[in-house]
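Enquirer: Listed here are the chains, written in short residue letters.
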Amino acid sequence: MPKIKIDGKEVEVVPGTRVIDACDHEGLDIPRFCYHPGLTPAGNCRMCLVKVSNSRKLEVSCVYPCSEGLEVTTSGPEVEAGRKAVLEYMLINHPLDCPICDKAGECQLQDNTAEHRDGLTRFVDPKVVKDTKDLGPQIKIWGSRCISCTRCVRFCEEVVGTGELAMTQRGDHQVADVHPEIPLDNPMSLNVVDICPVGALIDKDFLYASRVWFTKRTDTVCAGCSKGCNIVATVHQNDIKRVQPRENHAVNHYWMCDAGRQGLDYVKGPNRLKLHRGDRKTLAAKLSAIAARGPARVGILASTYATVEEAYLLKQVADQLGARVGFIGRGGDEWTAKNGWKIEADKTPNRAGVAMVFGAVEGPEAILAGVQSGAIQALLVVNGMPGATYAPELLAAAKKLELLAVCDIEKSPLSEAAHVVIASTTWAEKDGVYVNSTGRVQRIQPLIVSQGQARSDVATLQEILVGLGVRRAVLSTEAVFTEAVPALDYAKVGSQGVVLASSPEATTTVSLGAK
Amino acid sequence: MANDDRVGSRDVEPKGFLAKTLMKLYVPSVLSGMKKTMEYMIRPKATLQYPEVKRVTRKGYRGEHRLKQDEQGRMKCVACFMCQTACPAECIEITAGPSPWPDRDKAPVQFRIDMMKCIYCGMCEEACPCDAIELTETYTQVSTSREEKIYDINRLLSN
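Residue numbers (this note's numbering), protein chains in the order written: chain A, 544 to 1058; chain B, -1 to 157.
I should point out that these hints are in silico values taken from the structure, not numbers from a laboratory. Only a predicted model underlies this, so the values are computations on that prediction, with no experimental measurement involved. Beta carbons: idealized from backbone N, C-alpha and C, even for Gly. Among the hints, a few may not be true.
As the list claims (entries may be wrong) - Going by beta-carbon spacing under 8 Å, a handful of chain A positions derived as facing chain B:
{"no.": "1", "residue": "L639"}
{"no.": "2", "residue": "P642"}
{"no.": "3", "residue": "Y751"}
{"no.": "4", "residue": "W756"}
{"no.": "5", "residue": "K759"}
Please build the complete structure, drawing on both the sequences and the hints.
Expert: Structure follows, in structure tokens:
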């Protein structure tokens, strides 16, 4: 293990470590543009200059390997002068249109300029102006703002493997661009917007949506598939403006897919169920009266969008009423990027968590058959899945039901036909825990205030259980979680999640609470 | 009565019968009061017959806002949100969108100022990099509802 000295402090590093990584590990702030820990270092922006004992000139720390006895100086007049000169070159042709640039406030060029330059310019010649154009259906490029760091080019080549982007032109006119007939539309394309250190690449959905300093950022977990990417949502005025990936090397590294960023419109969509209907206070009494007539008179239809807490309470309800629980899910295409980054085929976030509570996840077929044959006289639907479609046979057979209670997030023919409708909260409005396909227990958090009367299914189900005499009071979601999984609480789950066991099958053996 | 702080009390007691009597009859006080009254009668009056007569504001008076336009009649604002960021009363609300003109990227789709929240500090004018917003010398703001006090982009452009 080579030992190096950073600013006089001795540090032992793994062989092959680059100086910038060693400095990052020591908590030193090395300015950079082209270096990204998820990509191969390119060393082309020259911003991360440091003084090393092996060389008379300043070296680029993102490509300089640590060797035994190396002495690194990360500050001082020489290093500062070097960085200042690099920035001056970068700003020659940069339009400095920060007031109308969407990146302003989270722009590395803006931050570094504020830190390392005096706000003065020596250039009087006209700037080179480059095109502003669409690179793909979702991404627009402001060529003039590009500083040719090639992060986006390297991302498309190394991570996705599609290589749509390339640096075109030379010298002052160099800019990232696509082939005229090949748009930038791979399933992970929007990551280039996040890694762009300046405002050159912009997501059209977020364009002009909000200034970043007005927004609130909340850590949560994507519900788009069972991978459970760690994300951070940018919220302004109770509106989710965008979601971005959050670093978690056990799940998604630095990336997320485009599908996870889009399609969040349902939260405030026109189809959203916002009002309760029918008498929900007598629901528990009616359910238990029907359940008392014989075995399996009550059916429960849920989805694998349910959180661990909801699944746990559903199991309590099912056990009390002797009901069968069927889960609807959603499948899709699996996709793997060049570097092995995978989008899961199961498009619901918590199949593993439901399996953990129920042992096995049953499909909705038995419930449908029961309703059709008339064996099931009362059906309780608890669905948190957006865009769920119910089988037409179920809708036809539902007319025979004596009691149909629907807790749903969106209006559907089933909610129209229901006797009792309870508007529930979506993924973006509730607390809870999801277990991803690798068995990692991760926490979601409310991003916005719930729409209309929408209330959490955890509260609704606890209310039913109080009515059935199983529970004594309606507790918080965290209390229900700790009851369901006594080994954990929200603090232990933390922002990066925890693994209960190595595989989703093994997690079913985790001891569950008393009930 | 040891209440010497009272207005009209004298440290020096008047001497002589006449002086004492006049003092007791409040004659000096009444005379000084009359003097003040006469003074105000001949002074120029501060009151204006508003609204027939309106006060001329001094230069730099901070009244209602105006969104400025350039020579071609296009609004100067580029929706950079600097005024909204600088505003201490949080009364400005901008909605940005793509600009209809080729020489700029961004323009406001809506620009609202809540005149009831505004404290007329002029920070928006200071913050504006495009010289697009200014405080006019208009101080007459009459409206009959709260909604009217929220000025939209058209009202601000025509101010």
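Enquirer: Taking the hints in turn, state whether each one holds.
Expert: Hint check:
1. L639: 11 Å, violated
2. P642: 3 Å, holds
3. Y751: 4 Å, holds
4. W756: Hint on W756(A): holds, closest Cβ of chain B at ~7 Å, below 8 Å.
5. K759: Hint violated; K759(A) Cβ to chain B Cβ min 15 Å, cut 8 Å.
Violated hints, listed in ascending order, are 1 and 5; each of the other numbered hints is respected by the structure.
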